[in-house]
Amino acid sequence: KAGVTQTPRYLIKTRGQQVTLSCSPISGHRSVSWYQQTPGQGLQFLFEYFSETQRNKGNFPGRFSGRQFSNSRSEMNVSTLELGDSALYLCASSSAPPLTEAFFGQGTRLTVV
Amino acid sequence: GQQVMQIPQYQHVQEGEDFTTYCNSSTTLSNIQWYKQRPGGHPVFLIQLVKSGEVKKQKRLTFQFGEAKKNSSLHITATQTTDVGTYFCAEGGSEKLVFGKGTKLTVNP
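In order, the protein sequences belong to chains A and B. Under our numbering, the first residue of the first sequence carries the number 1, and numbering increases by one thereafter. Under our numbering, the first residue of the second sequence carries the number 1, and numbering increases by one thereafter.
You may find that some hints are simply not true.
For lysine to any residue, the following SDA-like pairs were computed, each having C-alpha atoms within a straight-line distance of at most 25 Å [claimed, not checked]:
1. Lys101/B - Ala2/A
2. Lys36/B - Ile26/A
3. Lys101/B - Gln106/A
4. Lys36/B - Thr5/A
These are computed hints drawn from the structure, not numbers from a lab.
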């Protein structure tokens, strides 16, 4: 079956702009979570959605938001981009809680200039 | 908040040598998962350990969960160049993973 698909793969944005990233989970998976990966901070949890409801949110400013649609596809949005938002954004899907195995997408590499 | 400490941060070995990475927590872990991320790639699930003292093997990889469920290790026997990448441990909750910082393994052929 198809894996987790993230689009776009690469993005270059200017400070102050906003960006929307998309994630299509594995078919049948209802849980989608987002992580930010940077060399300094490693992999950090952003938020998790299950059946269109945000169940958990990491320690990120309100500029980071997300949503999940009825088909389980998810988007995350970052507004008023800062240089420090440059990172690899990874989406992971799983079938159901508890989290026994997460399947990650290839990620979106965001560069803010 | 939850923290999972992972050491070492980097490890360089000669092909054929063994490699071990360790994860530690000050609190009891509900479970521990291990992921591998190849250079330029994304994390790929390797295994999950749940029980105290659990040991699991996958070919040359041996995973252990401590008796107190506060530490875990991944040991690779006779490394190969295909083992290069960053190995992460993570505590899996019902909604999120809390990752260690990872151990980056390089293998000299």
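Status of each hint after checking the structure:
Using a Cα cut-off of 25 Å, the hinted pair Lys101/B and Ala2/A is violated, with the two alpha carbons roughly 29 Å apart. Our distance criterion of 25 Å between C-alpha atoms is met by Lys36/B and Ile26/A, whose separation comes to about 19 Å. Restraint check for Lys101/B and Gln106/A: the C-alpha separation of about 19 Å stays at or below 25 Å, so the hint holds. With a CA separation close to 19 Å, the supplied pair Lys36/B and Thr5/A stays within the 25 Å bound.
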